[in-house]
Every structure is written in structure tokens, then in C-alpha cells.
Amino acid sequence: MRKSGILLPVSSLPSRYGIGCFSKEAYEWVDFLKEAGQGFWQILPLGPIGYGDSPYQSFSTFAGNPYFISLEKLISYGWLEDRECEEIKWGTDERYVDYGILYRNRFDLLKKAFVRSRIEENPDFLEFRKKEKEWLEDYALFMALKNEHNGEPWTVWEDDLRYRDGQTLRQKQEELKEEICFYEFLQFEFYREWLELKSYANSQGIGIIGDIPIYVSMDSADAWSGKELFQFDEQARPLGVAGCPPDGFSAVGQLWGNPLYDWEYHQSTGFDWWMKRLRFCFRMYDVVRIDHFRGFDEYYEIPYGAADAREGRWRKGPGIKLFDKVRQVFGKREIIAEDLGYVTDSVRKLVADSGYPGMKVLEFAFDSRDSGSANDYLPYKFETNK
1 MRKSGILLPV SSLPSRYGIG CFSKEAYEWV DFLKEAGQGF WQILPLGPIG YGDSPYQSFS
61 TFAGNPYFIS LEKLISYGWL EDRECEEIKW GTDERYVDYG ILYRNRFDLL KKAFVRSRIE
121 ENPDFLEFRK KEKEWLEDYA LFMALKNEHN GEPWTVWEDD LRYRDGQTLR QKQEELKEEI
181 CFYEFLQFEF YREWLELKSY ANSQGIGIIG DIPIYVSMDS ADAWSGKELF QFDEQARPLG
241 VAGCPPDGFS AVGQLWGNPL YDWEYHQSTG FDWWMKRLRF CFRMYDVVRI DHFRGFDEYY
301 EIPYGAADAR EGRWRKGPGI KLFDKVRQVF GKREIIAEDL GYVTDSVRKL VADSGYPGMK
361 VLEFAFDSRD SGSANDYLPY KFETNK
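The working numbering applies: residue 1 is where the sequence shown begins, and numbers increase by one.
Hint data in this document are derived by calculation from the structure and do not stem from the laboratory.
Simulated restraints, written as ranges between beta carbons of each label pair:
# : residue 1 : residue 2 : range
1 : Lys316    : Glu196    : 38 to 44 Å
2 : Thr344    : Ser250    : 15 to 21 Å
3 : Phe330    : Arg2      : 22 to 28 Å
4 : Phe32     : Asp262    : 40 to 46 Å
5 : Asn375    : Lys3      : 21 to 27 Å
List of simulated lysine-lysine pairs, BS3-like, C-alpha gap at most 30 Å:
#  : residue 1 : residue 2
6  : Lys276    : Lys146
7  : Lys131    : Lys146
8  : Lys133    : Lys73
9  : Lys332    : Lys131
10 : Lys227    : Lys177
11 : Lys172    : Lys276
12 : Lys316    : Lys360
13 : Lys112    : Lys131
14 : Lys133    : Lys172
15 : Lys146    : Lys172
16 : Lys349    : Lys276
17 : Lys146    : Lys227
18 : Lys133    : Lys332
19 : Lys111    : Lys130
20 : Lys131    : Lys276
21 : Lys316    : Lys227
22 : Lys133    : Lys111
23 : Lys349    : Lys360
24 : Lys24     : Lys3
25 : Lys349    : Lys3
26 : Lys332    : Lys349
27 : Lys130    : Lys325
28 : Lys321    : Lys332
29 : Lys133    : Lys227
30 : Lys146    : Lys130
31 : Lys3      : Lys381
32 : Lys177    : Lys112
33 : Lys332    : Lys34
34 : Lys177    : Lys133
35 : Lys325    : Lys133
36 : Lys276    : Lys133
37 : Lys146    : Lys112
38 : Lys112    : Lys133
39 : Lys321    : Lys349
Backbone N, C-alpha and C define an ideal beta-carbon position, used for all residues, glycine too.
Based on the sequences and whatever the hints tell you, model everything.
So this is what it looks like as C-alpha cells:
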């Protein structure tokens with residue numbers, strides 16, 4: 001059965017307050033998709049953004065972006081006043097998101113809402129905190145510590161925090177308990193609003209295509225609390241970082257800087273962390289697009305500290321073993337393999353063996369660099385996914 005949909009990041013929705021969010025405009029967008037005969041709304045990653053404001057460099061692979069919390073809903077709860085939101089100048093051009101203004105002002109409003117919410121008296125919040133403890137506790141502490149360190153990455157914190165000394169962490173959890181609760185509150189409200197919006201979209205026949213970045217950010221709760229998952233040395237420094245080699249888009253390649261996975265460790269645990277990550281995504285989205293799928297076949301390793309990506313080399317990834325485990329744990333799920341870029345025969349085989357549909361970009365079919373009959377992006381050459 002054929003379906004079509006539209007890609008629109010949540011941040012690009014119309015909004016009164018500087019950035020698209022889970023406000024009434026999001027519901028109007030779903031209504032438009034239904035009226036237009038569409039079946040899917042594709043979004044970008046929903047995680048809290050870090051340095052550079054990229055959704056692919058997030059402070060957590062499990063947490064949601066607090067900027068997407070609807071201020072209108074907080075007003076309707078009585079936690080904010082309309083005047084407090086209106087008096088802020090959210091930018092000079094409504095077509096663009098001014099992340100500097102958001103960073104300086106949005107959290108002040110969210111903190112006011114938190115104080116007025118008396119959230120610790122809310123049984124739904126207490127249940128959420130208990131249910132999501134496995135990732136939420138580390139994330140909320142991580143963000144509270146970042147604030148205490150003026151936003152500096154965990155890699156430059158004091159050794160007892162970098163290496164997560166148990167006594168020190170317990171002390172900080174007590175000292176920063178209000179700030180920790182604030183970040184738990186943000187996640188509670190984010191997920192309450194997102195799941196309501198997703199439920200509405202589904203009721204209108206619209207499925208959500210979500211996006212799972214292959215890598216996590218170096219400056220993230222995931223890397224700080226799960227160092228065994230990555231290729232770190234004894235000083236918690238990366239042995240290599242992620243990126244891609246020189247190509248037609250860049251003569252020096254791309255230096256992403258994400259920590260690389262220790263795939264031997266992941267395999268020894270039955271890919272437990274990946275199963276938790278995907279289970280979370282299957283709850284969040286109807287279809288999951290796995291970013292940089294070729295990195296599971298071979299990943300590009302760049303020496304830590306290199307100026308650009310030219311010094312890197314390809315290393316073998318987990319291959320089909322990971323996706324055999326996915327099938328074993330979850331059965332057949334709606335997954336899309338992002339197989340764009342330089343694709344080798346072994347990548348093609350991995351996509352075929354996984355059974356996941358790949359991607360095609362129409363513009364690539366008519367790219368002047370490769371417009372001959374061998375171009376796999378020509379529409380008549382599209383293969384059928386069975």
C-alpha cells in the first residue's frame with residue numbers, strides 16, 4: 001500500500017513564541033495533512049539541543065526538547081500569565097528561530113511554571129518519575145550539574161564528577177534537588193504534550209515518522225553515565241570520533257565529533273542499550289528512521305584531536321547481528337534505513353538482509369555529477385520493498 005507524507009520539523013511550525021511547539025498550530029498542521037490526503041508526518045529528532053543547536057547533537061538520547069513545550073498550555077494551567085510570555089521579544093523575523101533569545105528567556109518562563117505547578121503533589125508526575133527513572137535520574141542530575149558549571153561539558157568537570165564518584169553524586173543530588181526536579185518536570189510536561197499530539201495525529205490517520213541519530217553527543221548524559229558503551233580511554237577521553245570522509249560535498253570530509261561505540265561491549269550485553277533505545281523510540285513514533293545506516297556496516301573513525309576528517313579510516317560495525325536482535329526482541333517493526341551517501345555493496349547487502357526500506361532523494365537522480373543510466377536514484381530504478 002502506497003502512502004505519502006511531509007517532512008516538517010516541530011521547530012518549523014508557526015508559533016507566537018519564537019519556535020514551533022506542541023501548541024494548537026501543531027494540531028492544525030495534523031488537520032491539514034489529513035485534508036491533503038497525507039499519511040505521515042516526518043519530524044527530526046526531538047532531543048534537547050546542545051552546542052550548535054543541532055537536533056543531532058543532543059544532551060540525551062531519551063530526553064525531549066523543552067523548547068517544544070507549549071507556553072499556551074502552561075498559561076491554560078494557570079502556571080504562566082499571558083503577559084509574561086508576550087512581553088518578551090522572541091526575534092526580529094518570524095521565519096527564523098533565534099536560539100539565543102530562546103536560551104536566555106524560555107527557561108526563565110519554564111522555571112516560573114515549575115515553581116507554580118507544585119508538581120511534586122501531582123501523582124502523574126510521581127508515576128512518570130518512577131517509570132522513567134533509568135534514564136531520567138542521570139539526565140536531570142547531568143543538566144543540573146551543567147548549570148552549576150556554567151554550561152561546560154562534563155569532560156572538563158572535576159574528576160569526582162567526571163568519573164561519577166558515588167558519594168559525590170549522592171551529595172550533589174541532595175544539594176541540587178530542586179534543580180533536578182525542575183528538569184524532571186520539563187520531561188514530564190514534554191512527554192505529556194507530545195504523546196497527546198501523537199495520539200491526536202493517529203486518530204486522524206496520520207502516522208509519525210521519527211528519527212533516531214546513530215550517535216549520541218559527546219556532551220550528553222548518555223556518554224557521561226555510560227562510558228562503557230563507548231571507545232574511551234582510562235581518562236574518559238575518546239580514542240576516536242565519528243564523521244565521514246572527503247566527498248563531493250566537502251574536500252576535508254565531516255568531523256562530527258561524536259564518541260564511537262564499543263561494539264564488542266554492546267554485543268556482549270546482547271545489545272541491551274540499543275534495545276532500550278529502540279523500545280523508547282517505538283513508543284514515541286509509529287515509524288523509526290535510523291540515521292546513517294551505513295555506520296552499522298562500517299563506521300568512519302577519526303583520531304581524537306584531528307583537525308578534520310581526512311585522517312580517518314573505516315572500521316567494521318556490528319552488521320546484521322544488531323538487527324537480528326531487533327527482530328528477535330520486537331518482531332517486525334516499521335523501520336526505515338537512511339542509506340544515503342556513499343553506499344558500498346556490503347551496505348546494500350545489510351539493508352537487504354535487514355528487510356528495511358531504504359531511501360531515495362529525487363534531486364540525486366538529476367545531479368550533474370552522476371546523471372547517467374547507472375544512477376540508482378532514477379525513479380524507474382526504484383526497487384519495491386516487500
